[in-house]
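Q: Chains as they are written, first to last, in full-length UniProt numbering: chain A, 1 to 339; chain B, 1 to 548; chain C, 1 to 294.
Think of the hints as simulated: they come from the structure by calculation, not from any bench. All C-beta atoms in this analysis are idealised placements derived from N, C-alpha and C, irrespective of residue type, glycine included.
Think about it this way: if two alpha-carbon atoms lie no more than 16 Å apart in a straight line, the pair counts; the simulated EDC-like pairs of lysine to aspartate or glutamate are:
| # | chain 1 | residue 1 | chain 2 | residue 2 |
| --- | --- | --- | --- | --- |
| 1 | B | K366 | C | E184 |
| 2 | A | K145 | A | D249 |
| 3 | A | K29 | C | D129 |
If the Cβ cut is set under 10 Å, some of the chain A residues that face chain B in the computed set are:
| # | residue |
| --- | --- |
| 4 | S235 |
| 5 | T240 |
| 6 | L246 |
| 7 | P258 |
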Amino acid sequence: MTSTTDGHLAADLDERRAGTSTPRFVAGKVGGALASLVLVVVLGFLLFRMIPGDPVATMTRDRPTSPEQLALLRERLGVDKPMWQQFLDYFGGLFQGDLGTSYMYSRPVADMIGERLGPTLLLVGTATVLAVLLGMWLGIRAAWKRDSAFDRVQTGVALTLWSVPQFWLGLLLLIATQGLFPSRGMRSPDVPEGFVAQSLDVAWHLTLPCVTLLAVIYAQYMLVMRSSLLEEMGSEYLTTARAKGLRDDLVRRRHAVPNALLPAVTLVFLQFGMVVSGTITVEAVFSWPGLGLLTYEALRGPDLPLLQGVFLVLAGSVIVMNLLAELLYRVLDPRVRAS
Amino acid sequence: MSPLLELRDLGVTYATGDGEVRAVRDVNLTLEPGETLGIAGESGSGKSTVALSVLRLLPRTARVSGEILLDGEDVTGMRWGRLRAVRWSSASVVFQGAMHALNPVRKVGEQIAEPIRLHTSLAEPKVAARVAELLEQVDLPPAKARSYPHELSGGQKQRVMIAMALACEPGLILADEPTTALDVVVQAQVLTLLSGLVAERGIGLVMITHDLSVLAATCARIAVMYRGEIVEQGPGSEVMGRPRHEHTRALAAAFPTVGDPVSRFAPATANPLPPEPAREEPDADAPGLLAARDLRVTFRDRDGRAVPAVAGVDLDVRRDEIVALVGQSGSGKTTLARTLLGLQRPTGGSVLYDGSLVPTSSAGLKEYRRQVQLVLQDPASALNPRHTVYEAVAEGPRIHGLPGDERELVLEALESAELRPAETYLARLPHELSGGQRQRVVIAGALALRPSVLVADEPVASLDASVRGEILGLLLRLRRELGLAALVITHDLGLAWNIADRVAVMYRGQLVEVGSVEQVLLEPRHEYTKSLLAALPMGTASAFERGV
Amino acid sequence: MTSPAWQRRRTAAGQLWREFRTNRGGLIGLGVLVAIVVLAVLAPLITDEGGLDVITATGSPLEPPSGEYWLGTDVDGRSVLLLTFWGARVSLLVGFAATILSVFIGTLVGIVAAHFRGWPSAVLLRITDFFLVLPSLVLAIALSSVLTKGIWTIVLAVGVTSWPATARLVRAQTLTIESRPYIERATALGGGHGHIIGKHVLPAVLPLVLANTTLVVGSSIIAESTLSFLGLGDPTVVSWGSMLQTALSSGSVTAGAWWYLLPPGLAIVVIVLSFTLVGRALETVLNPRLKAGR
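Sequences are here, hints too, so could you generate the full structure?
A: Here it is, written out as structure tokens:
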């Protein structure tokens, strides 16, 4: 869903480079992120109240229900109160970690999300770390040997993978490796107790979802790293470095890459939204018991409080990652750090 | 003993999409140890290509022919390992450090230490000591080693570049435009430093620049390049004093000596200037056509502190006169110009046109702008690359809905700007024109509105030397023929000497000295004006009076 | 003076085409796209729509590819080839419509945010940043889950969630253009907002918007397939995403029916890749910043 290709990043980053003093900067960014979080809460709240029809009617549409039961349900869910009252209740509840109650499962949404957080973090974390390493390494090599066979092949592969819907790649891998890896879940039921055995089992389950997620996001990182390094390669300070008598690989390692890494590393954080989007479909395909699968399940209902909760958590985490990226960039780039 | 550097029949061709381009041909140069040689030329003359070819730093598309002998050894035939060993230890380069020649994310100390570690086996503690020593030699405190390039001023960065070049005690230093983009005073300091260090150590120096006056101050011998060839070569005084090639003459004329009566009201132009018309003796007390009264502009910096850019300026530009506003970058002269044009709102004081306040409403401003027009520094970016000359010149008349035949107006404006025959320029795009022609189009665009005042912000600063005189001649001619008043903003005192009637010297947002050109430039009263004149590489007015 | 201007535009277009032609990837992408669009438009003429009906389907469920069904059949016994063929219409329609919506909003917001000073532009920028950070798929899921299911809901969901990237690009480009001295010159000549935007900013921004548009079409098609795959699409229309959804939910994938899985997925990859290649080629030709790096 992210249509920012590598070419556009430069302008964005130039903008980020214009700096202010550190306390003001941090205060500004944190304040902005907080405002965004509040906006997400408001947006989430309004969005899921927009639904035409009565949520209670939707919930009970397959069961015969008496009007008394409906009224009771309404009161319990709080949908009989005026909109602003509902919002205040909801907003107040957030501070106590209360995200409402799931229509379908009649359980606190916060608990359900809490259970699913771990698996998602494991999947996203593993895939991101691997994708960053692979993407950066390939991107640096491709840019340095620009227009070589290596560059053309790598860029071609990355562009192709970038055009692949993640869920389809997952399905394809499922069929292609039929039986080699488990097709669903995170654990097998019959694995003996013990950390090693359990970990191996999880890793075995993790392989396919992780590869699927990795394949698409590394491509983005590679393209970003490649174009970032290409931007740097025309720089005059590289001529200075060459004039000093540095070997080509030292010019690259000491001068070009550190400069190119700055924007690229930051973009890793900025692209986190893309990873989150990918998680939803990949988890749905492999029934990986994380937030993505929870979203998928909530869509079946649709279970609005659950959807709203997941929306809040996913969007919120992206905002936090984005804040980290802004702060990290400031730490990494001396030009912005000083003022 | 073989010479330090010898170029034999050096030729460089670049492979481009449209075939081969010969950037340099048949260049023969010799430099003995300890000698200083200056190479002068305009942009595109091939002078930088010559410098870069010595260490084989040219891009891969370049093909080099001939021989480049460094200490008697041919650089073109060296293996990579040998070449890397020679780079920086035998010959180092001072790039235009004020710009991007330093790595922005590494401390300057590390960058100076890098070649030392690479080419010597100095122990690590001694490397740090050496860096400190080098910084002291270029008059920088050793603590600056821990700074990043962006924390240094342009002059400091250039000093770092020089310290870096000295790091491995090379026999030869190539300096490529080492003082371009620096202010006059800083430029003088850097040049003195560089020539001092080179002379002390007996290092050979090749200095490349477009500014002939810089070479005159630092180099024993001068070579002038034009279109890839050396057109004139000889001792500095000879080349400067009695230039034989016409191109050298154009270059020399571009940097006139302040105080030299020959260049007063005589910019180097091929077309003869009209005689001075009879002018009324200006009434010194009457307000000017365009006037600033206690004008103030204050900006807020990132932390909200007030930074005064223009701090109480009174200035008059009268009918039929050219006023030069002189100052260094950061003195507030451009802000003043923008405020006079209504492009920047003043925070205090007022701008008067023909005795009445300049309106702030958008309709009123639009009307005002018919009278006062702007000419910008870089004509390459002052024209929309997608618009033809016709569209560029017609833009003003269209905006204002001027009566009369549009085509006639455009042709007339182009004629006034000396683009003849005007018809041939109409359909051309800016990139098809030379720098001087583009600036004429910008001027024509302003003239099309028939203004009474031109405000020109560094109108020749980004033009090649040979074009400079022509544009200045045009401004002077417009004043003499049409009575067009002008405020010319410049850092170049020679320009003021060439065309201006009066000079205003701006320093830290204030006018420290205003008066006739002769008065201010020949008998400066304010210390700042004196330091500006003292920094002129060609010598000052007083030096001129003493010497010639 | 219309005739020289027109002539110049034609020369510029010719120049663009000549440069574009040297980019092999872009040329191949363009060829594939033209072919696919023509086929999709002609689908009702060259195929029988009746084959899409579950009731009148002639094959048996999940037949492997054969002489009769080149790409096999789906769970309902319909020809996968025919489904893929017709799916292109929906995917392209949604892709283009969502892109028009997205690019329109993005360009408008981008130019306004960059050109005007003061608080309205600050607010616009803040909103753009907010939506840019928000994972657009999550937002699109939320939107399409609360609206009535249908093609236009998908178009709306994709369109109103994917504009910030365009807005950001257009804003950056507008800022670049407006920092050029010729804008100052135009102001000094007396030009107002309309003049600056109409004569200087728009002509310079539009080519990049065009390149960006091709890229947005690609990502919109992927977004459509993802939403359909998650069961948020129009259940009455066949699209590539909905085919894949049926393939998973009906157990065909675990049953090893690769012929049901490959065609729609490959179709998405080919079409998105083509759009991406064309977009990148256009970008290279049109973006002076990238061209200078060559």
